[in-house]
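There are 2 protein chains.
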Amino acid sequence: MNYRMVIQYDGTRYRGWQRQGNRADTVQGRIERALSKRCGHEVEIDGAGRTDAGVHAMAQVANVHLSEVRDVERMRQELNEYLPRDIRILKIEEAGERFHSRLHATGKIYEYHLLKKDNYCVFTRQYCWQMEDTLDVAQMREAAKILIGRHDFRGFCTKASKKKSTVRRLDAINLIESETEITLRFEGSGFLYNMVRILTGTLVEVGLHKRSVESVAEVLQSGERARAGETAPAQGLFLVRVKYD
Amino acid sequence: MNYRMVIQYDGTRYRGWQRQGNRADTVQGRIERALSKRCGHEVEIDGAGRTDAGVHAMAQVANVHLSEVRDVERMRQELNEYLPRDIRILKIEEAGERFHSRLHATGKIYEYHLLKKDNYCVFTRQYCWQMEDTLDVAQMREAAKILIGRHDFRGFCTKASKKKSTVRRLDAINLIESETEITLRFEGSGFLYNMVRILTGTLVEVGLHKRSVESVAEVLQSGERARAGETAPAQGLFLVRVKYD
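Here the protein sequences come in this chain order: S and F.
Note that the numbering used here gives residue 187 to position 187 of the first sequence, counting from 1, and the numbers run on in steps of one.
Note that the numbering used here gives residue 211 to position 211 of the second sequence, counting from 1, and the numbers run on in steps of one.
Excised from the complex, chain S in its bound form (with noise of 0.2 Å):
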């Protein structure tokens, strides 16, 4: 039987979602060893998205392959009491035998957190990147509305595949402004390694007038990595939701 399962955790102290073979301490290892000693022999699961180190996410998506489990929330509860408190499961549920959480999603949502300048919060500070000056939101909207679209986004990403397709389609780049915080909301089809904070630290450096507007379509234009902005902190990204049709 095939199970779909929805996770939460905290990266912070992570060395990313995916197992490795160093015994490194990654989400994936810890979800895999949750099950294994659960069910008496190893168990291995498939994720949606390969989160970095030390980058979060609200829902998670992964399936498993188990015999069949007669009471499905009994099995979360005790996985949730063997995993750690940073790490939890929040829904299992029966998937159709060929549901791949990776290969069949048909979107991802991911969100970064930006903390305004003088807006430093304790409760907040492993959740977001503190900002050192004030952002210029409706430049940084105007940035954003160039990576609208289907583009190669070679240039916005950490090693770039030479055979692989580096193209992908971007939906939208919502700018979500509060009284202390900038939410950047991207949703798109699918994101290449480092991209959405290298996305994100592109249009920070817009934000504080260190770069153009037009400096992005040039990242896209040549595909050049070094053109683009620094990559991002990995403390404020969340992967939020994985879209299925």
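To be clear, the hints were calculated from the coordinates, so they are not data collected in a lab.
All clues stand as given, with none of them false.
The list cannot tell twin chains apart, which means a pair is met if one copy fits it or any two copies do.
Dumping the calculated DMTMM-like pairs for lysine to aspartate or glutamate here, alpha-carbon to alpha-carbon at most 20 Å:
hint: 1; residue 1: K145; residue 2: E187
hint: 2; residue 1: K117; residue 2: E73
hint: 3; residue 1: K91; residue 2: D46
hint: 4; residue 1: K108; residue 2: D171
hint: 5; residue 1: K91; residue 2: D118
Start from chain S and add chain F according to the hints.
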């Protein structure tokens, strides 16, 4: 010169506000160490509220006597660089020579955060108390009404003094309900040791129908701690504001 400081802290890893002789890690101890380092001699500060181990503060107030500081904002920044990231000095300003943060406080506001059943969230896990069942908020509001006013709160206090008065004036208990949380907001002249946590624990028992609304009046009348509810966990409690005339 006497300076007034406003301080925010995440109390998770501290043994409370108050300096202790046994080298326990406390917020007051951390700030005094930072100030002493900067001033080159031992400095002591006075805080308005002696928050317990694990309790947080949005805006604790303290005062400190120092020889005149030329650039107060610069001192604030230097202290923050030296302090750990879970303690932040939000403001430093000159105060009247006789100002005392605790003795001159005319009121305090505390908030207690309850997380509703099935709303566990990894991002707020250190800042709320997770409820295992649904709360009857209407009944909690009825019970809260009984507590408002000037009363002897001896029954809602740990280790009540026989010599010092346990009479306090409670101005308001507001229950603010959101989709996922219930926040209890307490405003009063001052609070006894553990008083907000015992009030919260008692109101939660009312909300769970483990005790009647009337039983709350009985605690007030008898003054017996054993008749009140359990002390709510420290991690859900925040000192929100200290008031002065």
